[in-house]
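Asks: Heads up: the sequence shown begins at 1 in our numbering, then just goes up one per residue.
Treat each hint with caution, since some may be false.
Derived CB-CB ranges, DEER-like [claimed, not checked]:
(1) F24 x W61: 19 to 29 Å
(2) D57 x L35: 18 to 28 Å
(3) Q109 x L37: 29 to 39 Å
(4) R33 x G110: 37 to 47 Å
(5) P97 x L35: 50 to 60 Å
(6) D57 x S124: 45 to 55 Å
(7) W61 x G169: 23 to 33 Å
(8) I189 x D66: 39 to 49 Å
(9) D66 x Q36: 28 to 38 Å
(10) I118 x G28: 51 to 61 Å
(11) T98 x Q151: 44 to 54 Å
(12) I42 x V100: 42 to 52 Å
(13) V20 x I189: 52 to 62 Å
(14) D63 x V20: 18 to 28 Å
Please keep in mind that the hints were generated in silico from the structure rather than gathered at the bench. All residues carry an ideal CB built from backbone N, CA and C; glycine is no exception.
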Amino acid sequence: MDESTLADEHPHLAHSSIQVRELFDDTGWNISRLLQLVPHIIAEQIRNFPITAEVHDQIMWKDTSDGRFHTNSAWQLVRTGHTIQAVYGMIWSSIIPTTVSFFCWRLWQGLIPVDVVIQRRIGSHMASRCQCCSAIETIQHLFIDSCIANQVWRHFFDIFHVTLRPMEGFQYRFQSWRFSGQFVRQGHIRTIIPLLIL
Numbered sequence: 001m002d003e004s005t006l007a008d009e010h011p012h013l014a015h016s017s018i019q020v021r022e023l024f025d026d027t028g029w030n031i032s033r034l035l036q037l038v039p040h041i042i043a044e045q046i047r048n049f050p051i052t053a054e055v056h057d058q059i060m061w062k063d064t065s066d067g068r069f070h071t072n073s074a075w076q077l078v079r080t081g082h083t084i085q086a087v088y089g090m091i092w093s094s095i096i097p098t099t100v101s102f103f104c105w106r107l108w109q110g111l112i113p114v115d116v117v118i119q120r121r122i123g124s125h126m127a128s129r130c131q132c133c134s135a136i137e138t139i140q141h142l143f144i145d146s147c148i149a150n151q152v153w154r155h156f157f158d159i160f161h162v163t164l165r166p167m168e169g170f171q172y173r174f175q176s177w178r179f180s181g182q183f184v185r186q187g188h189i190r191t192i193i194p195l196l197i198l
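Throw the hints in and build the complete structure from the sequences for me.
Replies: Here it is, written out as C-alpha cells:
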C-alpha cells in the first residue's frame with residue numbers, strides 16, 4: 001500500500017467503529033468481511049499484510065520513518081505549518097495592495113513565468129539564461145540570488161539592520177524580516193518592506 005491511509009481512500013471507514021480484531025479470526029484475515037468494507041484489490045493487499053495475534057496493537061506516527069513519535073518531528077510539523085500561516089498573514093494584509101498580495105502569492109506558489117517554470121509546464125527543456133547574467137532563470141535567482149536582487153535586498157537589510165543570509169529561500173527571507181525587531185506584527189513596516197522589494 002502507498003502512503004495514504006484506508007480512511008483517506010475510503011471515507012466511510014473513518015466514521016466506522018469496526019476494529020481490526022473484528023476482521024481477523026483464528027485462521028488470519030476474514031476476507032469475506034474485508035470485502036464488505038473495501039474493494040477486492042485492497043482486501044488482497046490487506047490479506048498479504050502479515051499480522052500476528054501475539055503482538056499487541058501499536059500506534060504509529062506517520063511523520064517519522066520508524067513510526068515512533070518523536071517531539072522533534074512534532075515540532076517540525078508545527079513549525080512548518082506556523083511559518084506558512086505567518087507568511088500568508090504578511091502577504092494578505094489589508095495594508096498591502098491586492099495586486100502586490102496576488103503577485104507575492106503567485107511568487108510563493110512558483111507561478112511566475114520564468115524560464116524554468118515555463119519549461120516545466122510545456123514539458124520541454126530549452127536553454128535558460130537570466131537577462132542580466134548567465135545563470136539559469138529561476139524564481140529564486142530572479143528575486144533573491146541575482147546580483148541586482150541581492151543589491152536591493154542588501155540595501156534594505158542594511159537600513160533595517162536585518163541579517164542577510166545568502167542562498168536562503170523566500171520563507172526564511174520573510175521570517176528574518178518578521179523576527180528582526182521587537183513587537184513586529186502584521187502590518188509593521190518590517191513585514192511590508194520585503195513584499196515591496198519584490
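Asks: If a hint holds in the structure, say so; if it does not, say that too.
Replies: Evaluation of the provided hints:
| no. | hint | verdict |
| --- | --- | --- |
| 1 | F24 x W61: 19 to 29 Å | holds, 23 Å |
| 2 | D57 x L35: 18 to 28 Å | holds, 23 Å |
| 3 | Q109 x L37: 29 to 39 Å | holds, 38 Å |
| 4 | R33 x G110: 37 to 47 Å | holds, 46 Å |
| 5 | P97 x L35: 50 to 60 Å | holds, 58 Å |
| 6 | D57 x S124: 45 to 55 Å | holds, 51 Å |
| 7 | W61 x G169: 23 to 33 Å | holds, 27 Å |
| 8 | I189 x D66: 39 to 49 Å | holds, 46 Å |
| 9 | D66 x Q36: 28 to 38 Å | holds, 33 Å |
| 10 | I118 x G28: 51 to 61 Å | holds, 54 Å |
| 11 | T98 x Q151: 44 to 54 Å | violated, 28 Å |
| 12 | I42 x V100: 42 to 52 Å | holds, 48 Å |
| 13 | V20 x I189: 52 to 62 Å | holds, 56 Å |
| 14 | D63 x V20: 18 to 28 Å | holds, 22 Å |
Comparing the model with each numbered hint stated earlier shows that hint 11 is the single one that does not hold.
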